[in-house]
Amino acid sequence: MSGRNGNGLLEHYTSKIEHLLHDEGLSEISVNPDGSVWVEEMGTTHMTRTDITLNRDDVENIGRCVAGFSNVTFGEKKPIATANVPTQQGKARVQVVIPPATTGVGSVAIRLLRVKTVDLGAFGFASKEAALAENNDHSALEKARAALAAGTMNFDELADLAMLSKWNVIIAGGTSSGKTTVLNAMLKRVDPGERIVTIEEVAELDIEQPNSVDLLADRSEEDGPRSPTRLLESALRLRPDRLVCGEIRGDDANMFLELVNTGHDGSVCTMHANSPVDAIGRMSKMVRRGSPTVQKSEVVDDIRATIHMIVHMKKIGDERKVNGVIFPPLMTADQLI
782 MSGRNGNGLL
792 EHYTSKIEHL
802 LHDEGLSEIS
812 VNPDGSVWVE
822 EMGTTHMTRT
832 DITLNRDDVE
842 NIGRCVAGFS
852 NVTFGEKKPI
862 ATANVPTQQG
872 KARVQVVIPP
882 ATTGVGSVAI
892 RLLRVKTVDL
902 GAFGFASKEA
912 ALAENNDHSA
922 LEKARAALAA
932 GTMNFDELAD
942 LAMLSKWNVI
952 IAGGTSSGKT
962 TVLNAMLKRV
972 DPGERIVTIE
982 EVAELDIEQP
992 NSVDLLADRS
1002 EEDGPRSPTR
1012 LLESALRLRP
1022 DRLVCGEIRG
1032 DDANMFLELV
1042 NTGHDGSVCT
1052 MHANSPVDAI
1062 GRMSKMVRRG
1072 SPTVQKSEVV
1082 DDIRATIHMI
1092 VHMKKIGDER
1102 KVNGVIFPPL
1112 MTADQLI
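Taken in order, the sequence shown gives residues 782 to 1118; the numbers are from our numbering.
Do not take every clue at face value.
Stated by the list, open to error - Have a look at the derived ranges for each label pair, beta carbon to beta carbon:
| id | residue 1 | residue 2 | range |
| --- | --- | --- | --- |
| 1 | THR933 | GLY871 | 52 to 58 angstroms |
| 2 | ASN1042 | THR962 | 23 to 29 angstroms |
| 3 | GLU985 | GLU857 | 20 to 26 angstroms |
| 4 | ILE1097 | GLN990 | 56 to 62 angstroms |
Just so you know, the hints here were simulated from the structure itself, not pulled from any lab data.
Think of the CB as a built atom: it goes at the ideal place given N, C-alpha and C, for glycine as much as any other residue.
Turn these sequences into a full structure, and let the hints guide you.
Have a look at this one:
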(Lines of atoms letter the chains of each structure in order from A and count residues from 1; the text may use other names and numbers.)
(Lines give C-alpha, C1' and ligand atoms only; values in the text may rest on other atoms or scores of the structure.)
Protein backbone atom coordinates (compact mmCIF):
# COMPACT_ATOMS: atom_id res chain seq x y z
CA MET A 1 0.00 0.00 0.00
CA SER A 2 1.48 3.32 -1.05
CA GLY A 3 0.38 6.86 -0.25
CA ARG A 4 1.87 8.93 -3.02
CA ASN A 5 -1.28 10.18 -4.70
CA GLY A 6 -3.41 11.64 -1.92
CA ASN A 7 -2.65 15.33 -2.21
CA GLY A 8 -6.16 16.79 -2.04
CA LEU A 9 -7.98 18.55 0.76
CA LEU A 10 -8.39 16.52 3.92
CA GLU A 11 -12.18 16.64 3.50
CA HIS A 12 -11.92 14.39 0.42
CA TYR A 13 -10.71 11.54 2.62
CA THR A 14 -12.79 12.06 5.76
CA SER A 15 -16.45 12.02 4.72
CA LYS A 16 -17.66 10.59 8.04
CA ILE A 17 -16.03 13.38 10.04
CA GLU A 18 -16.07 16.17 7.45
CA HIS A 19 -18.60 18.19 9.47
CA LEU A 20 -16.24 18.10 12.45
CA LEU A 21 -13.46 19.68 10.37
CA HIS A 22 -15.79 22.62 9.71
CA ASP A 23 -16.85 23.08 13.34
CA GLU A 24 -15.12 26.28 14.44
CA GLY A 25 -15.64 25.37 18.09
CA LEU A 26 -13.33 22.35 17.87
CA SER A 27 -9.56 22.29 18.25
CA GLU A 28 -8.81 18.56 18.04
CA ILE A 29 -10.30 15.39 16.54
CA SER A 30 -8.99 11.95 17.50
CA VAL A 31 -9.74 8.44 16.33
CA ASN A 32 -8.84 5.63 18.72
CA PRO A 33 -7.99 2.00 17.90
CA ASP A 34 -11.53 0.91 18.77
CA GLY A 35 -12.82 3.21 16.02
CA SER A 36 -14.33 5.76 18.39
CA VAL A 37 -14.07 9.43 17.45
CA TRP A 38 -13.33 12.02 20.12
CA VAL A 39 -13.28 15.82 19.94
CA GLU A 40 -11.86 18.62 22.03
CA GLU A 41 -13.80 21.85 22.18
CA MET A 42 -11.89 25.09 22.52
CA GLY A 43 -11.57 26.14 26.14
CA THR A 44 -12.12 22.65 27.58
CA THR A 45 -9.64 20.33 29.25
CA HIS A 46 -11.06 16.90 28.37
CA MET A 47 -12.18 15.40 25.08
CA THR A 48 -15.72 14.10 24.55
CA ARG A 49 -16.80 11.05 22.60
CA THR A 50 -19.00 11.45 19.51
CA ASP A 51 -21.43 8.87 18.11
CA ILE A 52 -19.21 8.38 15.04
CA THR A 53 -17.20 5.20 14.44
CA LEU A 54 -14.50 4.75 11.80
CA ASN A 55 -13.22 1.46 10.39
CA ARG A 56 -9.77 0.39 9.18
CA ASP A 57 -10.45 1.56 5.61
CA ASP A 58 -11.47 5.01 6.86
CA VAL A 59 -8.26 5.36 8.85
CA GLU A 60 -6.09 4.13 5.98
CA ASN A 61 -7.77 6.60 3.61
CA ILE A 62 -6.76 9.43 5.92
CA GLY A 63 -3.28 7.94 6.13
CA ARG A 64 -2.97 7.86 2.35
CA CYS A 65 -3.98 11.52 2.19
CA VAL A 66 -1.36 12.49 4.77
CA ALA A 67 1.36 10.32 3.22
CA GLY A 68 0.60 11.59 -0.25
CA PHE A 69 0.78 15.19 0.85
CA SER A 70 4.17 14.64 2.47
CA ASN A 71 5.31 12.35 -0.37
CA VAL A 72 6.15 9.34 1.81
CA THR A 73 5.25 5.67 1.69
CA PHE A 74 2.51 4.49 4.04
CA GLY A 75 1.63 0.91 4.99
CA GLU A 76 2.46 -1.90 7.39
CA LYS A 77 6.21 -1.40 6.95
CA LYS A 78 5.85 2.38 7.33
CA PRO A 79 2.83 2.57 9.64
CA ILE A 80 3.09 6.23 10.67
CA ALA A 81 2.32 9.29 8.56
CA THR A 82 2.43 12.92 9.70
CA ALA A 83 1.89 16.19 7.83
CA ASN A 84 0.15 19.55 7.83
CA VAL A 85 -2.70 19.06 5.37
CA PRO A 86 -4.89 21.80 3.85
CA THR A 87 -8.57 21.97 4.76
CA GLN A 88 -11.33 24.23 3.50
CA GLN A 89 -10.84 26.46 6.54
CA GLY A 90 -7.07 26.47 6.85
CA LYS A 91 -4.79 23.59 7.76
CA ALA A 92 -4.75 20.57 10.03
CA ARG A 93 -1.78 18.83 11.58
CA VAL A 94 -2.55 15.15 11.13
CA GLN A 95 -0.87 12.00 12.36
CA VAL A 96 -2.05 8.51 11.43
CA VAL A 97 -0.77 5.30 13.04
CA ILE A 98 -1.88 1.86 11.85
CA PRO A 99 -1.01 -1.71 12.91
CA PRO A 100 1.48 -3.13 13.68
CA ALA A 101 2.49 0.12 15.44
CA THR A 102 -0.88 0.14 17.21
CA THR A 103 -3.95 -2.06 17.47
CA GLY A 104 -7.49 -2.20 16.10
CA VAL A 105 -8.38 0.12 13.23
CA GLY A 106 -5.44 2.43 13.97
CA SER A 107 -5.23 5.89 15.45
CA VAL A 108 -5.65 9.40 14.03
CA ALA A 109 -4.93 12.76 15.65
CA ILE A 110 -6.10 15.91 13.86
CA ARG A 111 -5.12 19.30 15.30
CA LEU A 112 -7.18 22.00 13.59
CA LEU A 113 -5.02 25.03 12.80
CA ARG A 114 -7.49 27.86 12.39
CA VAL A 115 -6.57 31.02 10.51
CA LYS A 116 -7.87 33.88 12.63
CA THR A 117 -6.83 37.11 14.31
CA VAL A 118 -6.10 36.80 18.01
CA ASP A 119 -6.34 39.61 20.56
CA LEU A 120 -3.09 39.11 22.47
CA GLY A 121 -4.27 41.51 25.14
CA ALA A 122 -6.89 38.97 26.19
CA PHE A 123 -4.21 36.60 27.44
CA GLY A 124 -2.86 38.88 30.18
CA PHE A 125 -0.08 37.79 32.50
CA ALA A 126 -0.06 35.15 35.20
CA SER A 127 0.95 36.62 38.54
CA LYS A 128 4.58 36.24 39.55
CA GLU A 129 3.42 34.50 42.72
CA ALA A 130 1.38 31.95 40.75
CA ALA A 131 4.26 31.21 38.41
CA LEU A 132 6.68 30.73 41.28
CA ALA A 133 4.23 28.49 43.12
CA GLU A 134 3.79 26.28 40.07
CA ASN A 135 7.52 25.90 39.49
CA ASN A 136 8.80 25.55 43.04
CA ASP A 137 5.99 24.20 45.23
CA HIS A 138 7.06 20.80 46.53
CA SER A 139 4.84 20.99 49.62
CA ALA A 140 2.78 17.96 48.57
CA LEU A 141 5.97 15.92 48.12
CA GLU A 142 7.27 17.07 51.50
CA LYS A 143 3.99 16.16 53.23
CA ALA A 144 3.96 12.76 51.54
CA ARG A 145 7.54 12.04 52.60
CA ALA A 146 6.79 13.07 56.18
CA ALA A 147 3.59 10.99 56.30
CA LEU A 148 5.39 7.90 54.99
CA ALA A 149 8.15 8.35 57.56
CA ALA A 150 5.58 8.72 60.34
CA GLY A 151 3.57 5.72 59.13
CA THR A 152 0.40 7.80 58.67
CA MET A 153 0.13 7.24 54.90
CA ASN A 154 -0.03 3.87 53.17
CA PHE A 155 0.98 3.17 49.57
CA ASP A 156 -2.63 3.14 48.38
CA GLU A 157 -3.07 6.70 49.63
CA LEU A 158 0.27 7.72 48.13
CA ALA A 159 -0.77 6.33 44.73
CA ASP A 160 -4.01 8.34 44.91
CA LEU A 161 -2.07 11.51 45.68
CA ALA A 162 0.49 10.90 42.93
CA MET A 163 -2.12 10.38 40.22
CA LEU A 164 -4.37 13.22 41.39
CA SER A 165 -1.38 15.59 41.53
CA LYS A 166 -0.13 14.40 38.12
CA TRP A 167 3.31 13.50 39.40
CA ASN A 168 5.78 11.97 36.97
CA VAL A 169 6.58 8.54 38.35
CA ILE A 170 9.15 5.80 37.71
CA ILE A 171 8.25 2.31 38.92
CA ALA A 172 11.46 0.31 39.20
CA GLY A 173 12.34 -3.22 40.22
CA GLY A 174 13.61 -6.58 39.10
CA THR A 175 11.94 -9.14 36.85
CA SER A 176 8.52 -10.27 38.16
CA SER A 177 8.69 -7.79 41.03
CA GLY A 178 5.21 -6.37 40.40
CA LYS A 179 6.09 -3.26 38.37
CA THR A 180 3.31 -3.71 35.79
CA THR A 181 0.79 -4.73 38.46
CA VAL A 182 1.46 -1.54 40.40
CA LEU A 183 1.38 0.56 37.22
CA ASN A 184 -2.03 -0.87 36.29
CA ALA A 185 -3.35 -0.18 39.78
CA MET A 186 -2.08 3.40 39.74
CA LEU A 187 -3.59 4.11 36.32
CA LYS A 188 -7.02 3.06 37.59
CA ARG A 189 -6.90 6.19 39.75
CA VAL A 190 -6.60 8.51 36.75
CA ASP A 191 -9.60 10.68 35.86
CA PRO A 192 -11.71 8.74 33.31
CA GLY A 193 -11.89 11.87 31.17
CA GLU A 194 -8.14 11.97 30.56
CA ARG A 195 -6.55 10.75 27.33
CA ILE A 196 -3.81 8.17 27.90
CA VAL A 197 -1.26 7.11 25.30
CA THR A 198 0.76 3.99 26.13
CA ILE A 199 3.91 2.55 24.56
CA GLU A 200 4.68 -1.13 25.12
CA GLU A 201 6.48 -3.95 23.39
CA VAL A 202 3.84 -6.44 24.52
CA ALA A 203 0.37 -5.22 25.48
CA GLU A 204 0.22 -5.82 29.25
CA LEU A 205 -1.47 -2.68 30.53
CA ASP A 206 -5.18 -2.69 31.33
CA ILE A 207 -6.32 0.84 30.56
CA GLU A 208 -9.88 1.46 31.76
CA GLN A 209 -10.11 5.07 30.57
CA PRO A 210 -12.19 5.04 27.35
CA ASN A 211 -10.05 7.65 25.57
CA SER A 212 -6.78 5.78 25.14
CA VAL A 213 -4.34 4.73 22.42
CA ASP A 214 -1.86 1.88 22.72
CA LEU A 215 1.30 2.00 20.60
CA LEU A 216 3.33 -1.18 20.10
CA ALA A 217 7.11 -0.86 19.90
CA ASP A 218 9.66 -3.15 18.27
CA ARG A 219 13.19 -2.73 19.65
CA SER A 220 14.64 -4.73 16.77
CA GLU A 221 13.88 -1.68 14.61
CA GLU A 222 16.54 0.54 16.16
CA ASP A 223 15.97 3.40 13.72
CA GLY A 224 12.65 2.18 12.33
CA PRO A 225 9.17 3.69 12.69
CA ARG A 226 8.33 1.34 15.58
CA SER A 227 11.41 1.98 17.71
CA PRO A 228 10.46 3.17 21.22
CA THR A 229 12.07 6.55 20.55
CA ARG A 230 10.11 7.09 17.33
CA LEU A 231 6.88 6.02 19.01
CA LEU A 232 7.50 8.48 21.84
CA GLU A 233 7.76 11.21 19.21
CA SER A 234 4.54 9.95 17.64
CA ALA A 235 2.81 9.79 21.02
CA LEU A 236 3.48 13.49 21.52
CA ARG A 237 1.33 14.26 18.45
CA LEU A 238 -1.57 12.14 19.68
CA ARG A 239 -2.56 14.76 22.27
CA PRO A 240 -1.94 12.74 25.43
CA ASP A 241 -2.96 13.95 28.86
CA ARG A 242 -0.57 11.30 30.16
CA LEU A 243 2.20 9.26 28.56
CA VAL A 244 2.78 5.75 29.87
CA CYS A 245 5.83 3.70 28.88
CA GLY A 246 5.71 0.00 29.66
CA GLU A 247 9.48 -0.17 30.08
CA ILE A 248 12.39 2.21 29.55
CA ARG A 249 15.69 0.51 28.67
CA GLY A 250 17.49 2.35 25.89
CA ASP A 251 17.63 5.64 24.01
CA ASP A 252 13.96 6.10 24.91
CA ALA A 253 15.11 7.15 28.41
CA ASN A 254 16.37 10.47 27.05
CA MET A 255 13.22 11.01 25.00
CA PHE A 256 11.00 10.23 28.00
CA LEU A 257 12.81 12.80 30.15
CA GLU A 258 12.54 15.39 27.38
CA LEU A 259 8.80 14.80 26.98
CA VAL A 260 7.97 15.01 30.68
CA ASN A 261 10.09 18.17 30.79
CA THR A 262 7.85 19.80 28.16
CA GLY A 263 4.57 19.87 30.04
CA HIS A 264 3.42 16.23 30.04
CA ASP A 265 2.98 15.86 33.78
CA GLY A 266 1.42 12.70 35.12
CA SER A 267 3.55 10.46 32.92
CA VAL A 268 4.71 7.07 34.19
CA CYS A 269 7.31 4.51 33.12
CA THR A 270 8.79 1.29 34.44
CA MET A 271 12.40 0.14 34.38
CA HIS A 272 14.71 -2.47 35.86
CA ALA A 273 16.73 -1.35 38.89
CA ASN A 274 17.97 -2.70 42.21
CA SER A 275 16.84 0.27 44.32
CA PRO A 276 15.20 3.69 43.90
CA VAL A 277 18.58 5.43 43.68
CA ASP A 278 19.89 2.74 41.34
CA ALA A 279 17.03 3.65 38.98
CA ILE A 280 18.54 7.11 38.62
CA GLY A 281 21.98 5.67 37.93
CA ARG A 282 20.61 3.29 35.31
CA MET A 283 18.58 6.01 33.62
CA SER A 284 21.68 8.21 33.56
CA LYS A 285 23.65 5.42 31.84
CA MET A 286 20.91 4.97 29.24
CA VAL A 287 20.76 8.68 28.48
CA ARG A 288 24.55 9.02 28.26
CA ARG A 289 24.83 5.96 26.02
CA GLY A 290 22.99 7.94 23.36
CA SER A 291 24.59 11.28 24.31
CA PRO A 292 28.17 10.54 25.46
CA THR A 293 29.07 14.20 26.01
CA VAL A 294 26.34 14.65 28.62
CA GLN A 295 27.64 14.51 32.19
CA LYS A 296 25.99 12.26 34.77
CA SER A 297 25.38 15.28 36.99
CA GLU A 298 23.37 16.92 34.20
CA VAL A 299 21.14 13.88 33.85
CA VAL A 300 20.64 13.72 37.61
CA ASP A 301 19.64 17.39 37.62
CA ASP A 302 17.11 16.67 34.84
CA ILE A 303 15.65 13.79 36.84
CA ARG A 304 15.39 15.96 39.96
CA ALA A 305 13.56 18.57 37.90
CA THR A 306 11.14 16.22 36.12
CA ILE A 307 10.54 13.01 38.11
CA HIS A 308 8.49 13.53 41.26
CA MET A 309 8.58 10.01 42.66
CA ILE A 310 10.43 6.72 42.18
CA VAL A 311 8.83 3.55 43.55
CA HIS A 312 10.95 0.41 43.90
CA MET A 313 9.29 -3.01 43.86
CA LYS A 314 10.84 -6.24 45.10
CA LYS A 315 9.84 -9.89 45.07
CA ILE A 316 10.26 -11.36 48.55
CA GLY A 317 9.48 -15.05 48.58
CA ASP A 318 6.15 -15.41 46.82
CA GLU A 319 5.10 -11.84 47.56
CA ARG A 320 5.74 -8.56 45.78
CA LYS A 321 6.35 -5.58 48.01
CA VAL A 322 7.07 -1.85 47.78
CA ASN A 323 10.74 -1.85 48.75
CA GLY A 324 11.29 1.91 48.82
CA VAL A 325 10.04 5.30 47.67
CA ILE A 326 12.07 8.44 47.02
CA PHE A 327 11.16 11.94 45.88
CA PRO A 328 14.06 13.23 43.70
CA PRO A 329 13.10 16.95 43.87
CA LEU A 330 13.56 16.81 47.65
CA MET A 331 17.01 15.21 47.47
CA THR A 332 20.40 16.71 46.78
CA ALA A 333 22.42 15.72 43.75
CA ASP A 334 25.00 14.09 46.05
CA GLN A 335 22.32 11.80 47.47
CA LEU A 336 21.39 10.60 43.98
CA ILE A 337 24.80 10.08 42.39
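Status of each hint after checking the structure:
| no. | hint | in the structure |
| --- | --- | --- |
| 1 | THR933 / GLY871: 52 to 58 angstroms | holds (54 angstroms) |
| 2 | ASN1042 / THR962: 23 to 29 angstroms | holds (28 angstroms) |
| 3 | GLU985 / GLU857: 20 to 26 angstroms | holds (23 angstroms) |
| 4 | ILE1097 / GLN990: 56 to 62 angstroms | violated (32 angstroms) |
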